[in-house]
Amino acid sequence: MEYFNDHRRLYLTALALFVTLTLLVVIIPAISNQTNNGLLPGYELPSDEVVAGKALYIANGCVACHTQQVRDVAMDEVWAERPGMAADYAGNHRQDFWRNTATLMGTERTGPDLTTIGTRQPSRDWHLLHLYQPRAVVKESIMPAHPWLFEEKESLDLKDVEVTVPDEFKAHKNMKVVAKREALQLIAYLQSLKQIKIYNPSAVAKFLYKDEAKQGKEAGAAKNPGAKGQALYAQHCQSCHQSNGEGLKGAFPPLKGSPIVNDDNPELQITIIMRGYDAKPEYGVMPAVGTNANLNAEQISAIVNHERSSWGNKGRAIPPAEVQKIMDMIKNGK
Amino acid sequence: MIYQMTFLDAARAATVKTENLITAPGIVITLVLLFIPILIMVVLLLMKIRKLFAIKSAARLAGTNGDLLLSTTDGLLKNINQHAAVPFVSVKRKAQIRPYTDPKLASLILWFLISATFWLILGTTVGEYVGIKFVAPDVDHYEWLTFARLRPVHTNAVFWGWSSLGMIGLGYYVVPRVSNVPIHSTNAGWWTLLLINSSVLIGSLLLMAGINNGGGEFREYIWPVQLLFAIGLALTLNNFLKTVAKRTTKEIYVSNWYMVTAVIFAIVLTIVGYIPLWQDGLGETITQGYYMHQGVGMWFMLFSLGLVYYFLPQQLNKPIYSYSLGILAFWAQILFYTLIGTHHFVFSAIPWSLQTVAIIGSMGMVIPVVAGTTNFLMTFMGSWNKITNSYTLPFFLVGIVFYFTGSLQGTAEAFRYTNLMWHFTDFTVAHSHLTMYGIIAFLLWGCMYAVVPRLTRVEPPQLGVGLHFWAAFIGLMFYSISLMVGGTLRGYMWMDGKPFIDSVIMMAPFWLWRAIGGTLMWVSHLAFAYNLYRMIAFRHTVNDTMATEPEPEAATYEIATAKG
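Heads up: the sequence lines are chains A and B, in that order.
The opening position of the first sequence corresponds to residue 31 in my numbering, with each subsequent residue numbered one higher.
The opening position of the second sequence corresponds to residue 6 in my numbering, with each subsequent residue numbered one higher.
Each hint should be verified, as a subset may be incorrect.
Here are the computed lysine-lysine pairs in the BS3-like style, where the Cα-Cα straight-line distance is at most 27 Å [said to hold, decoys possible]: (1) K503(B) <-> K236(A); (2) K503(B) <-> K224(A); (3) K169(A) <-> K503(B); (4) K503(B) <-> K227(A).
Far from chain B by the CB rule (all over 10 Å, computed), these chain A residues [unchecked claim]: (5) V55; (6) I57; (7) P76; (8) M135; (9) T140; (10) T146; (11) K189; (12) E192; (13) G280; (14) I290; (15) W341; (16) A351; (17) I360.
Sample of chain A residues at the chain B side, in silico, Cβ under 7 Å [stated by the list, open to error]: (18) P59; (19) N90; (20) R124; (21) Q265.
Calculated from the structure, these hints are not laboratory results.
Glycine is no exception: its CB is placed at the ideal position from the N, C-alpha and C atoms.
Chain B extracted, bound-state conformation (with noise of 0.2 Å):
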């Protein structure tokens, strides 16, 4: 017969035992992990009220109420360029005098950022929507309006709209400048803008009016329509091969390894997952665990992190700590995170020898995680001090704890006890926002506020970058806190075997939660997206700077509007 038991299927069934729930290793860890975020939330918060606290009494001792300019020249008061009067947010250091950048490759990285936000803000704008039909399911009929259409477009916009056009146009702006030449073709730059806008559009039009590739998540787009997509990634492809390899430098930079092979990979993925070959009966299953893995860890994060390794110690100003831990970690990511596509379907009727595969890739993952994760925080190390006075720096450390959290967690959830409970219920949503958005947006985001200062010579307002990153990091906390209280809960009733419908009503109040804190985070990206503007919008033309002398260090700027 052709589903005889194999031995593997024999190994299986010894192995799986009864636990007991809370002392599963999975969910052990997972608790453990959840910590971490909250904790840091809390020291950051603690961060903000000592330094209001120190700006008060230094106020106080100057004898004023911090109108007056502060200022001593015996060393008793640093850091005192604040208004003691706007304590919600501090103003935080002016980006450094920028290097040269063209201007038609401002321009090009500007409008790759600006698409991205566009993006951003319709794709969570959707998946607002999305989330309030849990709470009321009757608000709209519509056909085209309906949740399971809306879904995979909210998805897929911030996939492919938001995340994706958000890299390439960092991308644009890094490659470059790390290998010391200008960019090979902003030609073939702004095709891929425009190959991969109207990917998303008409993708996004096609899965409302119900026409899609068959129902794997993140390959709902037809064929015609990533193939957009796939042809905006090989001109990008071919126009960094070309940049880096004229460089000047010896070497090629992490960042450059990181970035470029991501795109690579994103290619080969899209291949993988749109040949029909192999994609007949459970052939589809087993491809789409793969494409929709390594989307995430080999076009995400891969990309994301190229992105880290140049931005981080630029922002703080000091050398990455280790070189050759982000190149271990570079080949450990191939390797281990290959692997793991099928851990979406443990259990499934997938071959047990592949899900095994899947399970130890997913401990693999542990080193470059690890790795990663030491070598930016050991950069951060000796200057912790910079966060407070630094509007990018928070959302990179958020980006990186969430990158050792998240990832970590997927690892948990990869258990096969933890997989039991939590499989198909919300947990995975909350897992795939604290990658996604936890990692990856907020990384996008403090590059983004490191370079579109460095491009308009405009730094965004101070009131709106606070209002943007604590909506975004506490929204961000009670979308996934709720659903996955919510989601164990639920996978406890089903293992109980109470009826399925009481499990839709405990939901009930996770999924209001989830709405709120959906809220905050969609209200952080219209702050995001102001401030985007005000920098765009404000901007000194660049020819125009670059001929006029540089714009004043931030502490003159500060003392001259204090005494004026």
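Only chain A is shown next, with the shape it has when bound in the complex (with noise of 0.2 Å):
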């Protein structure tokens, strides 16, 4: 090849051949991608303190673990109602003049996706003791704890959020531990992640690869209520109540032992779970769980069915037409 004898020649066709293709798989996909995403109706700005809080989940490297991507693909239909568009993103710019764009979508789900994280977990005090030690809520937890976002104190100020935590897990047993405002806004952007719904369905792509196997596996789950009850509550509830059912002290009660759990009459459990509860003071707020996660009768069946036959519990079975009267009740407002 006497042509590429020439260095400027060869340096210099390659360097095109590189741009040219950059420019058709990058710059230009990227530019028309921007111009021609608007913000979907419905959108909010973020407020100073999700702004903030936002900044703190960039600075401490949270996409590390969590991805903001739901893909149109059957196994995450379980993060969101529907797949990521283009459009969800269209809200992120560069964040100021040192640092870039941050979409967050990640490339590693060592964690759960949070795309949807303030529909599924809106708990304040959840996100507390979470953040704080994540091994206090779920056991077997491996995401890092975050002590700096927190403080300790002996005695309490007016304002002062405190985070009940157990014993175990405190650094010393005497002080009490308060957030820092940092805790506070991280959880303001947590609880601002949610989708956007989207009226029309045909804007929406579909989850794909939902398939028979699976559909079959589900049959055959059904002959094996037992564990798919303790699938669904490990998945839904567990976080909250605990495996052992005890829940946690000063955050979440026991169904262990509850009488709503062991009543006759499954009215209130399963609206506490379609509806999410507020009733104890000396409890936080339980969120809609079976709404937002979009429960089916067969699946709360399963879950109360769990919830009435573990930890000692000894509460009646409630089949999937009772539940479904009820949840029909409840649709209709009661």
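Since each chain comes alone in its own frame, lean on the hints to assemble the complex.
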């Protein structure tokens, strides 16, 4: 190749090829993407607290373990109602002079996807304790503790937000753990993470790969409802009420021995799951877990029966048909 | 509406259907690829054992226990410059008598390699610590040492500190050598060294302090920090170009095609990755996919391949099998590799057409990979016996094998179905270690063991090199196999709709094995650092050796010690 014996020709050709391809696969698509995707109707401008919280999320590198993207494949259905779309990210701009845009889509799911964590886990108390020490709420968690977002105090000031930390997780047993402003900002950000609802179904991509094999398995699971109930409980309730059903003092009530759970009439129990609950001042607020996760009657029956038959509870089993009736009642505003 | 289903989306929905997991092509390919390095490891070990056995029986033949010098003049025994008493590693052939290297350049190169090794040790110590945190998340609670801040410290230090400095340092040896002229300026080299070292140092500290660019991998340093790096590159580019321009050969040797182009592309990459004009919303993600992947393919891979085109023939003492194959691979690499960036975001909200282009590009990657591998293996052909006698060639062999398996694994991962299962799991982490470590680090080590003795006239301790090689290789296998198995199981669990926390619990033993593999790798780096120290600290000053007669050839040296 005589032609390339001239170094200028060689390197300029390579450069030209590379730059042309770069324009085609990156720069032009990126520009067209950012100009053609407006904000979704219903998008709310983030508050200052939320913006500060996002900066903390970035500074502490949460994106290393958490994605914020829901792909249009069936396995991602647990994370959101619909797959993500380009417009979901349109509100992201350059952070400041020093720092780039952060869509925080992430590349690894060492921890759960957080696209809709604001709906899935709206409880501030839960987040506070979890941030302070994840293993206090989720025993097997490997998420880092973030004690620097908190301070220890001997006595509380008026505006202090105290975190009820079990003694074994405290550095000093006689001190009180108080959330710093940063912790509250970070949680404000987490609480703001929700998916904007889209009412036009044709605008939304479908979840793909809903395979028959899985539906077969589902049928198989129906034969063994105990296992299914336990799995659903682990997925939707356990992080608060704990696998031993004992809850966490000062934050989440025990289901073990709960009169509501053992009641022959399941109405309140199911209403709590579908509507959330905030009856007792000594505990936090329970979100509408069942509605947020789109649980159906069969799934709720499995969960309810798991609770009624575990940890020494001896409630009556509730068949799906009965659950369905109560759910309809709730929906119609009873 | 903005987000209507395009016909591509429709086509996509049509092509996607259930496949049986184990027979999905991507998975079959990956499994097959996985066996190759294991097979090579077994073969290498067998070669070792056979050789050991041959020495033992030779010793018996000679009626000794191997302590005495074995020598025959009748050609009955060959390859006998061995002490049977040291069975763990065999004494390798010494490096050839070296051509002259300007002492000023030599010391620049050595400082590049020393800095690189410093970042290797530091970066992998951090990596090891981060790996331990998966097993023991509460080992410490310091803000600056939290997992998610240290992780990018690790990745960036091994990228920009270890691999980049190592490559550029070796480049300073190769570029003038194949141009047959002295380097244009050693001063520019020192500036590059200083700038890149400062960039990695400042960058690491800022990351630990919580100041980063926004979460795109390998783009975590904020722009002023990465700018230092880019200026360093620009200085070196200018230097290399001027050296190539002065060359006394008519053709530009293929190594210089690869290496100089890699520097040019790395600069383009930094510009594209850091200019904010196309980075609003998903634009950031599209840029990120490109940046991250081209960093690997156009900077590290291209440059390292250039090094191999010089060092492999040199170490085998024969020309490269096919010059034109190298050139074909060069253009094919640029063409296909540039297309594949977005394959990290398959199924995401990125336009489907782009994802498809990425998948097609991933398929096209087979061409340069197969061309490159064939070229290297054909160069090896007929000289396989040299491997057991050399301490550099095993590194090259492993690097080349991983080049083949690692790159094709990337292709397999881009298949939609495999992507579905492995995406977001630790499988990706295994893949990046198979490539950045299995390919790049091993090739760099091979090159360094070839260059340093030529500059300092001191061979590395054999036991040290043996320890380095085997600990790194076995460690990497532990590391990646455990993560691949764990990642696959985790993907399965997600597809099965199991509670997320169950998949965390399931990973625990695999994370433990990963930490064990990582520890072996880390130990191997200590061995490497020690070897480097030995070669440099015990060096005869270059001027000295140029004045005195050349060092005795390997065989004479052996005989002398055996007699003594």
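Do the hints match the structure? See the list:
Distance hint between K503(B) and K236(A) is fulfilled; the C-alpha atoms sit about 21 Å from each other, no more than 27 Å. Using a Cα cut-off of 27 Å, the hinted pair K503(B) and K224(A) holds, with the two alpha carbons roughly 23 Å apart. A C-alpha spacing of about 18 Å is found between K169(A) and K503(B), which places the hinted pair at or below 27 Å, so the restraint holds. For the suggested pair K503(B) and K227(A), the alpha carbons sit about 26 Å apart, so the restraint of at most 27 Å is met.
Some Cβ of chain B comes within 10 Å of the Cβ of V55(A); the nearest lies about 6 Å off, and the non-interface call is violated. The beta carbon of I57(A) is not kept farther than 10 Å from every beta carbon of chain B, the shortest such distance being approximately 5 Å. Every beta carbon of chain B lies more than 10 Å from that of P76(A), the smallest distance being close to 14 Å; the non-interface claim holds. The beta carbon of M135(A) sits about 6 Å from the closest Cβ of chain B, which is not more than 10 Å, so the claim that it is off the interface is violated.
T140(A), annotated as away from the interface, has a beta carbon of chain B within 10 Å; the closest lies near 8 Å. Every CB of chain B lies more than 10 Å from the CB of T146(A), the least distance being 13 Å, so the non-interface label holds. The beta carbon of K189(A) is kept farther than 10 Å from every beta carbon of chain B, the shortest such distance being approximately 24 Å. Residue placement check: E192(A) keeps its beta carbon more than 10 Å from all beta carbons of chain B (closest about 20 Å).
The claim that G280(A) is not at the interface with chain B holds, since no C-beta of that chain comes within 10 Å of its own (minimum 22 Å). No Cβ of chain B comes within 10 Å of the Cβ of I290(A); the nearest lies about 23 Å off, and the non-interface call holds. No Cβ of chain B approaches the Cβ of W341(A) within 10 Å, the least distance being about 18 Å, so the stated non-interface status holds. Its beta-carbon lying about 24 Å from the closest one in chain B, A351(A) satisfies the requirement of being farther than 10 Å from that chain.
Residue placement check: I360(A) keeps its beta carbon more than 10 Å from all beta carbons of chain B (closest about 25 Å). Annotation: P59(A) was flagged as interfacial toward chain B, and the flag holds, the nearest CB pair being 6 Å apart, inside 7 Å. Taking 7 Å as the C-beta contact cut-off toward chain B, the hint placing N90(A) at the interface holds, the least distance being around 6 Å. A least Cβ separation of about 5 Å between R124(A) and chain B falls short of the 7 Å threshold, and the interface hint therefore holds.
The criterion of a C-beta within 7 Å of any C-beta in chain B is met by Q265(A), whose closest approach is roughly 4 Å, and the hint holds.
Hints 5, 6, 8 and 9 from the list above are not met by this structure, while the remaining hints are.
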